[in-house]
Amino acid sequence: MDTREIIEALIFSAAGALASREILKVVPDISEGDIADAVSELNGIYKDSGRTFRIERASAGYMYVTLERYAPFLRSLHNPSRLSPAALEVLAVIAYRCPCTKQTVDTIRGVDSSSSLKSLLKHQLIDVKPGKPMRYVTTERFLEVFGLTSLSDLPDLGQFEELFGSE
Amino acid sequence: MDTREIIEALIFSAAGALASREILKVVPDISEGDIADAVSELNGIYKDSGRTFRIERASAGYMYVTLERYAPFLRSLHNPSRLSPAALEVLAVIAYRCPCTKQTVDTIRGVDSSSSLKSLLKHQLIDVKPGKPMRYVTTERFLEVFGLTSLSDLPDLGQFEELFGSE
Amino acid sequence: MNPEGTNMMHEFVLHLPSFEGPLDVLLYLIEKNRFTLEDLEVCPIVDQYLAYIESMRTLDIALASEFLDMASYLIWLKSCLLLPTGEVLDGSDANNPVQELKEMLIAYRAIKQASSDLSSRPMLFRDRFPRGTAHTEQSLAALSMGNLLQALHELKGRTRKYVMDVLASRFSIHEIMARIQGLLSTNNKIRLEDAVTSRERMELIGAFMAALEMSRVALVRILQRRVFSVIYLVKR
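Quick mapping for you: the protein sequence lines, in order, are chains P, X and U. FYI, in the working numbering the residues of the first sequence are 1 to 167. FYI, in the working numbering the residues of the second sequence are 1001 to 1167. FYI, in the working numbering the residues of the third sequence are 2001 to 2236.
Hints are supplied without guarantee of correctness; some may be wrong.
Claimed, not checked - What follows is a list of derived Cβ distance ranges for each label pair: (1) U/Arg2191 - P/Gln103: 39 to 47 Å; (2) U/Leu2219 - P/Ala19: 51 to 59 Å; (3) P/Ser152 - X/Ala1071: 37 to 45 Å; (4) U/Ile2205 - P/Ser152: 40 to 48 Å; (5) P/Ser115 - U/Arg2121: 36 to 44 Å; (6) X/Leu1024 - P/Gly33: 24 to 32 Å; (7) P/Ser115 - U/Ser2116: 33 to 41 Å; (8) X/Pro1130 - U/Glu2154: 30 to 38 Å; (9) U/Ile2205 - P/Lys25: 45 to 53 Å; (10) X/Ser1150 - U/Arg2121: 12 to 20 Å.
Hints in this document: simulated from the structure, not taken from any laboratory. If you're wondering where the values come from, they're calculated on a predicted model, not measured in any experiment. Positions of the beta carbon are idealized from the N, C-alpha and C atoms, including for glycine.
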């Protein structure tokens, strides 16, 4: 049996992202690089045969996602919950400034952010960092949702970082 | 866009089996027969390109399954252990209130917590403290899972309630 | 109200849902006046902001307190600019209030930009959908602090007041009293610190209060030979 196909079956059957180390546990004698190669070969096959999904590299590993152009059809099936502009702003502050307190978020936005923080916590896009005072950080889920492999993938905000050093 | 591909994306993104009527809602002007045809064409494509999964017709609708011959690999894939919402509640009570008796947990939750306690013990997230009455404490593993260095790292509950209690 | 004001009022009403806060309103006004943040004329912006607040009030639209806070801040700022104090507010001084406002706006504009960048990325569950999974229970590996806190919060919503009273203190005096009683069932005399299981100050205080309470209801006698020496609890 081909290693590539075993890797496909593994990622396919996983609930959510599958970490490379999980794959390495099951398929011995291969490297991280072999997995990446297999994944790009598989994506090539999907592309050539007109498939509607690809394997994506997420922060936590590999996961299957559908192509963007099918989203209009899928949305009606999933009824996705939307993030409000306020929640997106809060998320942006936390992403660029994490860990940070609610007070920092409120100060930068000029308004109270309680309800956005609540909704982001519920969606697991942010988490509470252990310790006091209570500070917020973005989650792996956040990276997955926005297709980032790490926070350093975020575009540079220039002056912003100068204005606010991290807490 | 090809109807067949839309059907593929729909079944692909569904949690579990997807009923034909759900597909008919999204893709108008097709019949049940068209869906069945599309599915068998897709399965043909998967077979020809050596894919490890097929779409199967189940009583509840269509769903993706991996081929049987990959099962040995999938079984050895670490099956992530899961925690029910009830167990999470019990864990939270014990974390903030340890050491505490089962009776305390039950009183706070207003329901019997036996099975949750069992599951938490099995996952080594809590442990029994020697002595009488039997009292529960969180474990090192608990600290690991939540990224805490000690219980005093737990976020301030009052601060969290300020945020969440404002409804 | 003058025609211009009425006009503005309608304009604001049309735009209202998209303002995320007072800073957002200010950025909108700055753009509308074709000012840049670097070359900002404060007075017209202040006036227009105040007109906005006024029109909202006239229309009986509830404004978040932040909008009013900003209004009073801007009035103060304008008065600084108008007073002939001789001080020059040219943006070079770190304590310059105009500079402070500019920095607030620059930071907010950066965040607005960042949030629109985020929103323009192909988002999971909006533009890309993961392969479906039927799991609804939380995977142990994905557990977060937020999950734990939310679990407690939901619990509180269900069982109301009692929970928080109990959870507010990690060391209940009743529990420590029960512990002391347990210890005194096998010994006639114990040290106060034997009733303490952690090294936390709060628990020690709790144990002391428990001892006082037990002494009050004549369950124990408290003995201490000298100041700061060991405190003993003796069964009565």
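Cross-check of the supplied hints:
Our hint of 39 to 47 Å for U/Arg2191 and P/Gln103 holds, since their Cβ atoms are close to 44 Å apart. A hinted range of 51 to 59 Å holds for the C-beta pair U/Leu2219 and P/Ala19, which are about 57 Å apart. P/Ser152 and X/Ala1071 have their C-beta atoms about 39 Å apart, which keeps the hinted 37 to 45 Å range intact. In this structure the supplied range 40 to 48 Å holds for U/Ile2205 paired with P/Ser152, their Cβ-Cβ distance being about 46 Å.
For the pair P/Ser115 and U/Arg2121, the supplied restraint of 36 to 44 Å is violated, since their beta-carbon distance comes to about 23 Å. For the pair X/Leu1024 and P/Gly33, the beta carbons lie near 45 Å from each other, so the given range of 24 to 32 Å is not met. Between P/Ser115 and U/Ser2116, the C-beta spacing of about 20 Å breaks the proposed range 33 to 41 Å. For the pair X/Pro1130 and U/Glu2154, the supplied restraint of 30 to 38 Å holds, since their beta-carbon distance comes to about 32 Å.
Checked against the given bound of 45 to 53 Å, the beta carbons of U/Ile2205 and P/Lys25, roughly 49 Å apart, stay inside it. Taken as a hint, the range 12 to 20 Å is violated for the pair X/Ser1150 and U/Arg2121, whose Cβ atoms sit roughly 38 Å apart.
Comparing the model with each numbered hint stated earlier shows that hints 5, 6, 7 and 10 do not hold.
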